[in-house]
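Undergrad: As you go down the protein sequences, you meet chains A and B in turn.
Residue numbering for the first sequence is 1 to 198, as defined by the working numbering.
Residue numbering for the second sequence is 199 to 460, as defined by the working numbering.
Pair by pair, the computed Cβ-Cβ distance ranges are:
| id | chain 1 | residue 1 | chain 2 | residue 2 | range |
| --- | --- | --- | --- | --- | --- |
| 1 | A | Arg54 | B | Gln366 | 55 to 63 Å |
| 2 | B | Ser291 | A | Ala64 | 51 to 59 Å |
| 3 | A | Gln37 | B | Ala274 | 46 to 54 Å |
| 4 | B | Pro346 | A | Pro166 | 33 to 41 Å |
| 5 | A | Pro143 | B | Leu295 | 39 to 47 Å |
| 6 | A | Glu85 | B | Ala281 | 33 to 41 Å |
| 7 | A | Leu4 | B | Ser245 | 57 to 65 Å |
| 8 | A | Pro143 | B | Gln264 | 35 to 43 Å |
Chain B is faced by these chain A residues, among others (derived, beta-carbon under 8 Å):
| id | residue |
| --- | --- |
| 9 | Gln59 |
| 10 | Gln66 |
| 11 | Pro71 |
| 12 | Glu75 |
| 13 | Glu85 |
| 14 | Leu93 |
| 15 | Phe156 |
| 16 | Ser168 |
Since the hints were made in silico from the structure, they are not lab data.
Just so you know, even glycine gets a beta-carbon here, dropped at the ideal spot from N, CA and C.
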Amino acid sequence: MSELDDLAAFYEALLFIAERPLATAELAQLAAIPRLQAEAILSGLAGELEDGRRGLRLQRNDDAWQLVTAPEVGERLAAYAAREEPRLTPAALEALAVIAYRQPCTRGEVERVRGVDSDYVIRSLLHRRLVVEVGRRDTPGRPALFGTTFEFLERFGLTSLDDLPPLSSTAAAATALTAVAEDGSPSPVAGAPAPDHD
Amino acid sequence: MPLQPIPIETDRVAVLPGVLADEPAAFELRLPTFEGPLQLLLHLIESRQLDVLTIPLADVADAYVQHLARHPVDAANLSEFVAIAAQLILLKSRRVLPGEPMPLAVDEEAEPDEEELRRRLVEYRTMRDAALVLGERDLVAPLLRREPRDEDLPVAVVPPLPVTLLSQALELLAAVPEPAAPPPEVMLREITIGMQIAALRRAMGRHGQVILQAVLAGCRSRTEVAVTVLAALELVRRRQVRVAQDALFGPIVLEPMPGAGE
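Using the sequences and the hints given, assemble the complete structure.
TA: Dropping the structure here:
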């Protein structure tokens, strides 16, 4: 067994017994190795767990790591560890989506995208610990910047933010919009609008 | 994509006075309530299977205003709904007047920009779709972390104690003397003008007249001196005493004004 394998095993064991996420710096210090090396070992371990289709995954959020169950076994595990928790409302999901994809972002940015006051939903997200204040923006009023948490990743079965489902229409829509703008005249839609069916 | 009804409390729902409000309610439809104007606008466009990217937004102005008039919206965001309605109506009015150059808006900020509104719609649609995808994953297959077990909590190792220890402790407790009475509370002495007026009157009642300096010499603090002087001035103002001073820095003599009722 090489030295690196030993350290990977050490990290796996350490993260198994740890009751909180451990920061890369902390893990590097415990193994007395440089940070970059610790990061490489941890990424290797994460890849190994995933490729080996094991029951555990190494989850990463903003430079901290924790060992969690694999998404593949999540549904079966629910029978053992069912969470009696209500699903999020559409409004909460919208605000959460803006924060997750735009993080770090302010309440104002969430409200601009949604077009509605979002104070209450963001409070409820903070209360559920799905988002936290990660800093303050250096603009007048120093508004709070929000980011997502490990609880967010856990709840939605994500190993890291890289696993967020890709945004559906941004790229295509942005291109199309530019084309329309350059054309100068959006093609009018033929015929009268259909009656309101909602 | 199915539109999810937003649960809201009925007391937060507002209905704009409707053009068709007097229409007989033959049957009741359970309609989704729209939380925001962008959500409503996007729904109106998509329910007609029109393309957000190309439809002139003025085309949906009527449908939008009609919807506002006929259906409840989230009252908390009513102003946002109305603001978008105003933008749509202006966009439409421009189309109705062909060839007429629009007068320049007084405030360029107030000028509704169709492409800006369209950009917001597309941005909102992106996030709404992302929210729907997230919603499908919500708690479906959560990743669980190791929860600390009760047995994991550290337990202090303590050898068994003899029962007699308890009775000994009780005896010791009984032997503890009663706590000493707390020292008397220290209170700030309050001196009021009213108190000093009474004091001056008492002194004048006893001696007929009073030398102010003598009274001040008996004061125990700067505050008391100040308040006593104010009390003397107050008595002068009320014309209840007469004040006399023969020489500069000489004794100030106070005596009751004849006929001044107490």
